[in-house]
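Undergrad: These protein sequence lines map, in sequence, to chains U and B. Our numbering applies: residue 81 is where the first sequence begins, and numbers increase by one. Our numbering applies: residue 718 is where the second sequence begins, and numbers increase by one.
Hints in this document: simulated from the structure, not taken from any laboratory. Each statement offered as a hint is correct.
Dumping the calculated BS3-like pairs for lysine-lysine here, alpha-carbon to alpha-carbon at most 30 Å:
#, chain 1, residue 1, chain 2, residue 2
1, B, K791, U, K886
2, B, K1131, B, K984
3, B, K1099, U, K910
4, U, K637, U, K510
5, U, K1226, B, K720
6, B, K1183, U, K862
7, B, K863, U, K862
8, B, K1093, U, K899
9, U, K899, B, K1099
10, B, K720, U, K795
11, B, K720, U, K886
12, B, K1183, U, K669
13, B, K1093, U, K910
14, B, K994, B, K911
15, U, K886, B, K1147
16, U, K862, B, K862
17, B, K1183, U, K886
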Amino acid sequence: MNKKDLYDPFFEHDSCGVGFVANINGQRTHKIVSDGITVLRNLVHRGAIGGDKKTGDGAGMLVQVPHDFFLRECAKTGTKLPEPGAYGVGMLFLPRDEKKRAGARSVVETVVKQESGRTLGWRDVPVDPGCLGEVAAASMPHICQVFVAFDGAAGDALERKLYVARKCMEREAAAAGLSIDEFYVPSLSCATVNYKGMFVAPQFESFYPDLLDATFTSAIALVHQRYSTNTFPSWALAQPFRLMAHNGEINTLRGNINKMNAREATLSSALFGADIKKLFPVIMPGGSDSAMFDNVFELLTLGGRSMEHSMMMMVPEAFGPRYHISEDKRAFYEYHAAIMEPWDGPAAISFTDGTRVGAALDRNGLRPARYVITRGGAIVLASEIGVLDIPASQVLEKGRLAPGRMILVDTAQNRVITDNETKASVSRRKPYRRWLEKNRIELKGLFGVPGPVRIERDTLLTNEKTFGYTLEDLTAIIAPMAENAQEPVGSMGNDEALAVLSERPQLLFNYFKQLFAQVTNPPIDPYREALVMSLMSFVGREGNMLDESEQHCRQLKLLHPILSNDDMDKLRHMSVGGYRSCVQPILFKPEESVLAAALVDIARDVEKKVDEGCSLVILSDRGVDEDHVPIPSLLAVSAVHHHLVRAGKRQLTGLAIETGEAREVMHFACLMGFGASAINPYLAFEIIADIRERAGFPADMTLESAIENYITAVKKGLLKIMSKMGVSTIRSYKGAQIFEAVGLGEELINRYFPGTPSRIGGIGLDVVAREAMERHRAAFAKGTAAPDTNGLEPGGKYAFRRSSEKHLLTPEAVALLQKAVRENSYGVFKRYSAHVNDVAANLCTLRGLFSLKQSQAVPLDSVEPVEAIVKRFVTSAMSFGSISKEAHETLAIAMNRLGAASNSGEGGEDEGRYTPLPNGDSMKSAIKQVASARFGVTSNYLVNSRELQIKMAQGAKPGEGGQLPGNKVDALIAKVRCSTPGVMLISPPPHHDIYSIEDLAQLIFDLKNANRDARVSVKLVAQAGVGTVAAGVAKGKADMVLISGHDGGTGASPISSIKHAGIPWEIGLAETQQVLVKNRLRGTIRVQCDGQMKTGRDVVIAALLGAEEFGFGTAALVTLGCVMMRKCHLNTCPVGVASQDPALRKRFTGKPEYVINFMRFIAQEVREYMALLGFRTIDEMVGRADMLEVNAAVSHYKTRGLDFSAVLARPERDAGQPLHCMSKQVHDFSNSLDPAIIEQAKGALDKKTPVSLAIPIRNRNRTAGAMLSSEISKRYGSKGLPHGTIRVKFIGEAGQSFGAFLAPGVTFELEGDANDYVGKGLSGGKIIIYPPKDASYRPHNNIITGNVNLFGAVSGEMYVHGMAGERFAVRNSGALAVVEGVGDHGCEYMTGGRVVVLGKTGVNFAAGMSGGIAYVLDENQLFDTRCNLEMVDLEPVVEEEDKKGLRTLVENHVRHTGSPYAQQILADWTEMLPRFVKVIPIDYKSALERIRKDQSRETEIVSLTEEVY
Amino acid sequence: MGKITGFLDYTRATHAERPVKERLGDYKEIARPLADEQASQQAARCMDCGIPFCHAMGCPVFNLIPEWNDLVYKGRWREAYERLEKTNNLPEITGRICPAPCEPACTLAINSGPVAIKDIELAIIEHAFSQGWVTARPPLAESGKKVAVIGSGPAGIAAAQQLRRRGHAVTVFEKEDKIGGILRYGIPDFKLEKWVLDRRLEQLIEEGVTFETSVSIGDDLSAHYLMRAFDAVLVTMGAGEARDLQVPGRGLEGIHFAMEYLAQSNKTVSGKIAKGKTITAKDKNVLVIGGGDTGSDCVGTANRQGAKKVLQFEIMPRPREWGDPRNPDWPYWPQLLRTSTSHEEGCERQWGILTRQFSGRDAQVERIHCVKVEWKPPADGKPPAMAEINGSEFTLDVDLVLLAMGFIHVAHNKLLDDMNVVFDERGNIKTNNYATSAAGVFAAGDADIGASLVVRAIYHGREAAKSIDAFLS
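Build the full structure now, drawing on both the sequences and the hints.
TA: Here is the structure:
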């Protein structure tokens, strides 16, 4: 594909609302259809609308074939339909152009004929395009239906025929030159028909009048409302697909596609016979991830497996040792792990074959799915509760899908089948357990303690040099891993030259950047939620996917992919029951030209070995000598992997790599990501042995434990890298290529790394060879020289070394910048900026390669003044906690004086700072960050801001969480973070209220409610596809999107994340600008950019590429005295900038003036450039990428292949489409209840007069209470109103974020149900929820409120008469809550408050809980098996204080909710009390004791390694 | 990285010095080096900075300071020595006499005392010598190329060793009768005892470097011969042209260039009877003109010789006094009042003094006539301007005047004429990556860049060796 710019549809994401309605008894009614439409209408807010304000992202409905309706309709055109089920209906999207359409129709008819079927007739589907948006209308296809029959075929056989026919049609159409937009078959089935298109739900029924017809009946309606980040509307990609609708995202798509393609060669099926070949490619190119999932799901299902069986294969639940599940089910999953890898990612999937309908959640349960079963025999399942009005008396059961669970409705059997029943019967279809026991290969001792490692003194140094080791690799990477069993931590971002700009030979790994989850799907917490993750895999020869036999699991089971040298020895000589291994060397002769041929030979040899029956190929670079250079391991692995994929043989063998090259976790991740099944890093092991011999480890550390630690660090690192993309299993991570390349040429990519984004071109194979040979030459320098005693080069990647890797921040730059701002000398500043900009010396960044075009200059006087320009500047988010109080406040004062903005960073803000200082200065951060942990995010915090920034990712470690160890949490930090001193604070990787794009829109809406005057911004990190995410953000109505470069970052992060995740902002920003403009979204959203911004030139380039605001992090800190120690993580900052140690803080000498001088200098320099370029205002300059060109003068052998045309491309745009933000987002509060409440509560707000209100509510009424609370906070600060001043009783089903940020003095009572995020950021208010009085179900066994309740709650109370969903009270820091049951991950990351659970909990309760107390009624004494005991102790409730407190809370609960269940508990108190378990974090307990004893907190010791995972 | 909290736990401590009284009685080294344990503790203070300004901005040879600090802290002396040896051929010398610009550049110099880098360097190399780790590393084979090095100061020694280790046949020519140049003849024993130098030279000899002493190229051997006989010639003859004081009475007896005085003293101390007339300070009123290190060495030497009184005049104003180990101009070299060990031994220093003339009798200097000057602060990037203070003239009785006012450039002698070497505008040899205008002739050190530090000469010697090696292959 010849892409002109950076937009690539591959990165489009969609999410949405999903659901179904069904009559369990199978009765086909029109009501089901109209209910389906109602459900869609009530899910509108989960969809999105495009830049033309009208085009929806898509909605649709899959229903049973309405035979009577079609019979009547077809009769009109003379088509006679046979019996129901004896014909297929095809829904077709064909070209509007008549001539083309005729061609398309003939494709259909020809294929039907070829397949010996008959075309019965055609029907043009009536449509009303009038309701469509401009964009949707323009691309609307001609929609028609075709009726076909295959004589003698009915039921499944007919369905298979139709499937084959459709696949043939798709292929033929493509061959005839029809694109997916010109020929698309939404469905061709005898059971179902699919109505969908590019609209939002309300347009749905008017577009398809068919749906209003009373004879249009179905017992099943599966619906979907899409929210997509896409650029070009696609009717085809609206959901549902043929069998399913999907709310979620497949993160491992590339690997799944490759593996599926490879499998085709060996597929066979008795059901399809010779037709099987007609099904290829199984996955239709050009589809979305959901469409591709549907393709495979369809094959599996029509290939003979049941829908539920297929679903369990593709989306297996977690079955690790921490789960109590049946042995048969575990065996089922393990067995199938040898056949298919999970399609990994968050997912709520609903599916139907026309008779049965069901839904399933992925293992993490990161999408909501709520259902109601009525007494009348109907079921409705949807992303939210309340999408259909069902009287409480009619409700039989209310529930939600738990993670990994499935619900199935069989309309033929007239029953709902539970998860347990479904899975038990599927798992026992075959003796999977016995098959496994008999066949899987688990050599004894294979993965025991690693044996001794020999140090080969003769070759150690030459090997180290050949594989490019530096001293830093040893001291900064390998030794810490072996010592601490975790990867090392660094600070202050990455200012090193990109690999492609480095003049020193780089490892091929360094050209790759990890991708990470951002907005459209959540990263996972690999530590606290480790139980869902797995490094286990099967390695070997896979069997035919459409069949099952015991031979299928005759594979090697690896518990993790890192092999010790011992393992390697055993594997080399293994031959067990037909399982054979063989070794393939990967070395080449030291000549540039031979590498390509060597790779061809290797691939051919491997293929031959596979043909000969080898089940495990070991690629090995052992044997390096003077005449043998190792092929970069990543290149070898990927080349062989892709060769086998292309040959259709990849699934026939495992691929292990024995390499001296791999040392950092990034290396292991790359190797796995590009196809390796297992890795043996023999040289790293040898180096560990050598370090130990040199006394580099503590004396008592054995070699075995050093190596084990190292392996553990790699394992943890792999889990982390997988989890940052939201991938749970190594099985699906393998070969998933979750990387993008920066600086690799197209030819190299297409040949060896196909499918990997690489947007600026770069080096070819010759340079790869040259770099390998340079290292080799350095190791085997022939000649006369005396051998060095210790020849390893210093390194210079992590710490500056002269004559080593280049860094943007040189010692001279730091010194000059500090001198300039202290002396207020613009002259010195110009020396600084000249030094930093010096392209020849500082070939570090992409922008360094650009130059500004000559232009008509304007006088400097005519350019807008410094004062105006600095208002566009911000200091990047740096939390108080990572930097010192002094530094944080100085930044705020400086930026406020300039009228610019500083950023609070994560972690709240001391309210004292909201009051201006006597001299008029203000220490209030204008930008308040809302990060994943929500520390201190209260109503009052939100009100006191000009901008609310949702941090989705940060440049230093996108996709990761972090933690502040307890010893750093002093009294002040604890206060602003609303926590307890001495208690560790964990920031989870995801925002638990943002698992998808529609969730982000919800949070934006919440924040808009919480402060209508503040703008809302979203911080993203540049990576491939960031532009499409930004488009989604714009559709979610954010006012600003911030694109951060990969290289920024001021706090502590794992070194591999600092170095290897994310890409330069130049690319990400350009992509964002292009996609937003193309999408007509640019005019309503501002764009900010940050990441190693150092000079006026940087700002100008960012503006030209599309930014109108600019952030400074590192440079601002340097002005305040930071000297790039890169020791922030050790709390030992010697200049008091990034330390909390009072003694060190005293060393802080920064002044606001320094920051001000810097900002003004930058602005002045920007003005000078603007004058030269002829721009008078920044606005004129934004997006004028045409003013940039590539500096032809800069070139070395690696930059020659770089191609910036896509980066510098200006997007095609319609006339009048702006390049910068011209207007504000329009927020729709029409469904908000708060304005009315505020009106009625005026007296209470102004005069504290108590008021009681009663209001109906439904799911469209979202975020009730946030706006009201903002009015209270504005007036009364965090203290709010006296308790109970405003009481509101709601009746109905509350929308999401009910009671969010509820302020003190407000009580919300809800009679009905609630959706997700109840009490988010609860700030002192009270929430009471109970079922309708006439409910006939038992509330404590039914779900009444959704997921993620009390997220980040700070204070207040909540009483829930019924069960809550997943993650109840997640990151609660002070609220009191009573609930009658919770789902998985209850009280996760909690840091304070009290939670009483009067019933069942899901698994992983109290994971990461560092504070607060939970009391759980543990009736069956098994709670400890469901609790994550890592950080908490379980105790009986014996202390008087506890007993009393608990009883009071239960009494409150009864008083507020009237729960008979709780009344009973009180009645039997003496009996019940012993059944309560007290869950208390170990840290917290000691912190409480410390506080009690009022011990001094001055005894803090700096921990050796702060784990910032 | 040393000890994480080392810089908070330990304070800066440097080597001790022998008491003034004791040391004035001999020419032995003044310093008492740190014991290994002390050095380890001092090394613990190193913070392993993300930007080690000591290494990257302070140290002219870019010593890998944080790397060896860490190793010394951990007691891994051998590896520390290996890292030290990567960048510096003469650490035992820089560890003794270097002004250590690394230390004021140390990050700890911002607000506390810098790491005692110089002392640690010395500890490492002396530890290495004592353990016998410093052995010859001759090349694996001969390259067949021959290189002549003219001048055996630090640049010449460093270059010779580097070139030899690359396999070239290296001959060092020295016009004096012993190898070492400034190291042997410029620096007094109380700062650098000469066995230290000899010990290193043994290593070079063992590695195969040939030393030809008492050979003056241009006189004893023609430049043309040298250029023919060798594949490359490296000129490291220092900046021999001392700055003179062109005032009336300069021709009087008893006025000498410092280098003349120091060289003679050094020779005497080494047991060699000086030829010709001996310059001695014994029982004299000695005036040293020039406030730099050389002047200071004259002060120390004069006191040891038994001077009656020692004075030191400097034309520049008195620098800031700064009693703190912090560096107010971090990371740059601060202009501060520095009191050397020699000053401690007795010396009256005056600043802002301009010499107008000398006067005397019987051709012997007896008096100096001076005037005080003041300096206008610099403006607009122009150098500060000097003005005489009216009525501040004074005279002083002196018996011995030592001119230590620095050096102008390399001596423009016959050798350089014969080689047709072009000079730059300051009179130094003009080079491009150490290659002079004459084919095959290279220059490094003070001869190339003008008078500077020993450590810088080492660096340039090493770099020139690289350049020559590339030229030869």
